[in-house]
Amino acid sequence: QTKCFFYRSHIGEQGEGARAVPLAGHVGFDSMPDQLVNKSVNHGFCFNILCVGETGLGKSTLMDTLFNTKFEGEPTQHNQPGVTLKSNTYELQESNVRLKLTVVNTVGFGDQINKEDSYKSIVEFIDAQFEAYLQEELKIKRTLHSYHDTRIHACLYFIAPTGHSLKSLDLVTMKKLDSKVNIIPIVAKSDAISKSELAKFKIKITSELVSNGVQIYQFPTDDESVAEINSTMNSHLPFAVVGSTEEVKIGNKMVKARQYPWGTVQVENENHCDFVKLREMLIRVNMEDLREQTHTRHYELYRRCKLEEMGFKDTDPDSKPFSLQETYEAKRNEFMGELQKKEEEMRQMFVQRVKEKEAELKEAEKELHEKFDRLKKLHQDEKKKVEDKKKSLDDELNMFKQKKTAAELLHNQAQQAGGSTTLKRDKERKK
Amino acid sequence: FSAVSNVCFGMKPAAPAVVPDATVSPAAGGPYGEKAGGPGVDFSYVGIDAILEQMRRKAMKQGFELNIMVVGQSGLGKSTLMNTLFKSKVSRKSVLATAQEKIPKTIEIKSVSHDIEEKGVRMKLTVIDTPGFGDQINNENCWQPIMKFINDQYEAYLQEEININRKKRIPDSRVHCCIYFIPPTGHCLRPLDVEFMRRLSKVVNIVPVIAKADTLTLEERDFFKKKIREELRANGIDVYPQKEFDEDAEDRMINEKIREMIPFAVVGSDQEYQVNGRRLLGRKTKWGTIEVENIAHCEFAYLRDLLIRTHMQNIKDITSSIHYEMYRVRRLNENNTVVAHANGVPEHHLAAHEM
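Protein sequence lines correspond, in order, to chains A and B.
Read in order, the letters of the first sequence are residues 1 to 431 in the UniProt record's numbering.
Read in order, the letters of the second sequence are residues 1 to 355 in the UniProt record's numbering.
It should be emphasised that the hints constitute simulated quantities derived from the structure, not laboratory data.
Treat the hints with caution; some may be incorrect.
[As the list claims (entries may be wrong)] Rough simulated footprint, nothing fancy, chain B against chain A, three-plus residues with beta-carbon under 8 Å:
no.: 1; region: 49-60
no.: 2; region: 138-150
no.: 3; region: 218-232
no.: 4; region: 282-290
no.: 5; region: 294-307
A quick note: this is a predicted structure, and the numbers were derived from the prediction, not measured.
We put the CB at the ideal spot given by N, CA and C, even for glycine.
Build the full structure now, drawing on both the sequences and the hints.
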């Protein structure tokens, strides 16, 4: 027999009205953040960015510029039949930090004539990464700490620099993605727009996003050390960026820039574009928060929906599955089984229909044959009648001919015998 | 990032003195990092390493949790040791106004939690006491309630983890470390010690210590330690740091040094005395004052460094990624006959976890 007692020396959660116990000296657990960071450094980090945008908006160049390296890839053609996602993973290192960076590109986005289904492959891709993680989490023997996390942490949405407003493709796509991934909208190739147009463009974009209920990623303002800079940056969204890996000499240093006859656009000059802001927010300040939001918000939502879809419930303790994975698999097999059954049914029905149709056709054929026979008979009868008639007519004609011949013969004989007076008299009478 | 200087394994032990406080240097630069902007700056700097600072910030905001269990017969100084480790009244006896002096007839598991803070780092420390352990005439199966408690914490975590609507941060009540107090007989381990450690080392990190080590001379202490290590080896008992969980050569090197020293011979005290002009924690006797944090006197400092200053994160990691996972595998492999449990785990389940 055991008794279990729990005493708390504080009330409520940590930090909320909890009574702190004073320490009489240095204990040393202030090294915990260091210990934690050390462990993470040994492990390495991973970060996954998805670039969504039409072909030719400079997605690859921007990635190259952000991470100061030339990622592989040829510029894509514009004749893709659908949207595919191409993913590449790179190992970067800076001082003692090793980063496994995965960049996913939407190939062919916006190139089709009918773009209704463009967003689908993107959503499927994002879901597939969540699914892979969920599968790993549900495994009985799992290795979560060495699992290569492929879930998308940030989605950079490239908006074409039209200067007017968002395209409907943009709105539709972002609306489909906003509950699945952290969206950071950026205006691509923004050196095509003048400063005043850009300001109006940004306002238009923001208001369209709000009025369509699109939730973009907000840089977090709950931590006081970064609250100020994050809230300032939030007001600068969408970031108007320019990317370039070419260097131009300005003054006495080489800077990344795009050179035009009328001037040079410097990528890292904050007066020229928001590249520095993007880099700051995406990498230097909020990378960890992006990862955390992906895991605690977007992934949890996916997981919750997926499990509910498969019929799991939290409330009923009796039906609460213990081996989530096994029951998940069982349900999936059940589902597949049902699918197969349905397929079989449909096939049967089809076969049945074909048989019926065949029978119908045979009937019709038979009828036709009968009709044909009937008609043939009719025709034959008619023909016989006609022939009979013809025969009787022929007989009449023959008889008539005979009579005529006989009559002529008689007449000739009579004439020769002196019966010409009669004829003369007849002739005179006729005159 | 700087390391807190202390008596570290692999470093030459400091001269007999209280370990000086090292200041943790503040994070370099503001959000822009130390290399942004400005003329003549290295523009090839991306800023990936700023993630370390971001992680640190997040950790400071979230705080840490640590759950330590103390097991041993009454009178071995468990409460005092806890108070000494955390330099405050964290033990159950200190918290309860009316401390129970009577030894309970059955083993009880009593848990006290505190929020402590040091240099901006907040920690929720839970000390789990096991009064009654080893105090009965018949101590058969006295490890059972303790094993049950440990498994119950794993169970609670698992239940929350498999919920559909689960908490953002699953509250961690799993026992990270179990300090087992060996009475300073000077001879060898008792059957109770062997039984307990043999069973528990399979489900939790065990850190054995020789309690009240001020009753042993240094020679007696060394002999005792050697004997204990032999017996542990002979019985296949793997105490923390376990050999099989060494990650790499560097790890192994550091951990080997620790393994050569365990069990630590400790003395606890929350009283300060004047020694050579300084106020030190110690025990005053007629023949001298034992300085608790003096490594020439006892090994308290090594224990403290291991548990708190260097290996705390590792202890938690082993608990979550090895002990907990093993429990989870066992649990999920059990027949999927789902039984509604009113309070915790039924008897047959307990048997399955007894090794």
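Here is what the structure says about each hint:
Look at the region 49-60 of chain A against chain B: 0 of its residues bring a Cβ nearer than 8 Å to a Cβ of that chain, fewer than three, so the hint is violated. Coverage of a stretch by a chain is defined here by at least three residues with a beta carbon nearer than 8 Å to that chain's beta carbons; for the region 138-150 of chain A and chain B the count is 5, and the condition holds. Requiring three or more residues with a Cβ within less than 8 Å of a Cβ of chain B, the coverage given for the region 218-232 of chain A holds, as 4 such residues are present. Closer than 8 Å: that is the beta-carbon criterion, and the region 282-290 of chain A has 7 residues meeting it against chain B, so the requirement of 3 holds.
Only residues whose beta carbon comes within less than 8 Å of a beta carbon in chain B count, and the region 294-307 of chain A has 5; three or more means the coverage holds.
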